[in-house]
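K.L.:
Each chain, letter by letter, is given below.
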Amino acid sequence: KAGVTQTPRYLIKTRGQQVTLSCSPISGHRSVSWYQQTPGQGLQFLFEYFSETQRNKGNFPGRFSGRQFSNSRSEMNVSTLELGDSALYLCASSLGGGLGQPQHFGDGTRLSIL
Amino acid sequence: QQQVKQSPQSLIVQKGGISIINCAYENTAFDYFPWYQQFPGKGPALLIAIRPDVSEKKEGRFTISFNKSAKQFSLHIMDSQPGDSATYFCAASIGSSNTGKLIFGQGTTLQVKP
Chain A
9 KAGVTQTPRY
19 LIKTRGQQVT
29 LSCSPISGHR
39 SVSWYQQTPG
49 QGLQFLFEYF
59 SETQRNKGNF
69 PGRFSGRQFS
79 NSRSEMNVST
89 LELGDSALYL
99 CASSLGGGLG
109 QPQHFGDGTR
119 LSIL
Chain B
251 QQQVKQSPQS
261 LIVQKGGISI
271 INCAYENTAF
281 DYFPWYQQFP
291 GKGPALLIAI
301 RPDVSEKKEG
311 RFTISFNKSA
321 KQFSLHIMDS
331 QPGDSATYFC
341 AASIGSSNTG
351 KLIFGQGTTL
361 QVKP
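Read top to bottom, the protein sequences are chains A and B.
If you count by the working numbering, then the first sequence holds residues 9 to 122, one letter each, in order.
If you count by the working numbering, then the second sequence holds residues 251 to 364, one letter each, in order.
With the rest of the complex left out, here is chain B (with noise of 0.2 angstroms):
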């Protein structure tokens, strides 16, 4: 039940495309889900985060969709750019009870061509 289920394992975009990760939970008590990006060599850098009273919020190229009722979410990359390879994780966490602890998804890695 602490799962997060992160699809596809890797991505192949053309540039200008638009790159879409999923992720799944079960557990209903999570109540914050971030979504990280990482370069080889480099920490995850948080991208972008939702909680689940929105169904959507977008900051710049970056969108994230949230389907409470089905235990989804999902990222979407508008206007795919090579600098955006790289791999992606979500994640999800309990905010609400003031610890630290993030469920991480698989990850995925993306590779935008030129």
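So here's chain A without its partners, still in its complex pose (with noise of 0.2 angstroms):
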């Protein structure tokens, strides 16, 4: 069964831009969860899709945003970059039934801001 898939795995940009990264769950999984992970942070929750619907959000500002597609596939949205949204980007993905179920991470989308 393939795992998570995010792409791209790296990207540049500069101040000011938008971005979107990419993500696909294990075939079956219907919840797709993100976080940004950074070394003075650690690993923080950014929002959870389920069924094409958003079902939490962490404490992150407006700019970042995220939708998720019928197939389950999911992206998130970050505008007006800023240097502090240099990170990893990790989504997972679960069956999302509630009770805990597994989260599976990918490998994460590294964005560096110029």
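In case anyone wonders, no lab produced these hints; they're calculated from the structure.
One or more hints might be untrue.
Derived DEER-like restraints, expressed as beta-carbon distance ranges [as the list claims (entries may be wrong)]:
#, chain 1, residue 1, chain 2, residue 2, range
1, A, 91, B, 289, 37 to 43 angstroms
2, A, 64, B, 315, 24 to 30 angstroms
3, A, 18, B, 319, 43 to 49 angstroms
4, A, 87, B, 301, 37 to 43 angstroms
5, A, 94, B, 311, 20 to 26 angstroms
6, A, 94, B, 292, 15 to 21 angstroms
7, A, 67, B, 332, 34 to 40 angstroms
8, A, 94, B, 302, 33 to 39 angstroms
Since the structure is predicted, the reported quantities are computational estimates derived from the model, not experimental observations.
Backbone N, C-alpha and C define an ideal beta-carbon position, used for all residues, glycine too.
Using the supplied hints, reconstruct the complex from the two chains, each of which is provided in its own coordinate frame.
P.N.:
Shown next, in the form of structure tokens:
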């Protein structure tokens, strides 16, 4: 079974630009969660989508948004990029049925802001 | 109250020794506690997880011990090997809430010396 696939693996952008990251979950998984990983703040929850609906959102500004498609694939968008947005962005998928379903992570997209 | 505190920040163990990483939480609503292992350039990989109705869970060389009254849980790696050298994260979530939000500890970098 293929794992979680994130594209692209690396991105370099400049301040003020916007970026879209993509995540394909494990087949059959309906929940996709996004996390930001930085050396200073660690792993922080951005948001979670289930059946094309955002179920939960972390404490990030509105510049961070996402969506999920009918095939469970998800995209994350960051607008008006800032230097502090440089991070590894990870997505995780799970069956999404609650009761602590295991989340499986992709290898992330490394975003660098110049 | 949403924090998960992890210690130590780094750990050096001799091959064959026992590695112990500890985590503590405040929110008594947490009911799902996974541990992840992350190698450089890779996403976190789920190692083992526990729910509070169990005090201990073992999978191979990895054991989670859970102390509900103390609100603490720990990961024990028996017979540690150089291949176990990685960063380990504990996490917690309210699994019964049906959302994918994981709260992570700050991580422990483990080095196993040959």
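K.L.:
Are the hints correct? Go through all of them and say.
P.N.:
For each hint, the structure was consulted:
no.: 1; hint: 91(A) x 289(B): 37 to 43 angstroms; in the structure: violated, 27 angstroms
no.: 2; hint: 64(A) x 315(B): 24 to 30 angstroms; in the structure: holds, 29 angstroms
no.: 3; hint: 18(A) x 319(B): 43 to 49 angstroms; in the structure: holds, 46 angstroms
no.: 4; hint: 87(A) x 301(B): 37 to 43 angstroms; in the structure: holds, 39 angstroms
no.: 5; hint: 94(A) x 311(B): 20 to 26 angstroms; in the structure: violated, 36 angstroms
no.: 6; hint: 94(A) x 292(B): 15 to 21 angstroms; in the structure: holds, 19 angstroms
no.: 7; hint: 67(A) x 332(B): 34 to 40 angstroms; in the structure: holds, 38 angstroms
no.: 8; hint: 94(A) x 302(B): 33 to 39 angstroms; in the structure: holds, 37 angstroms
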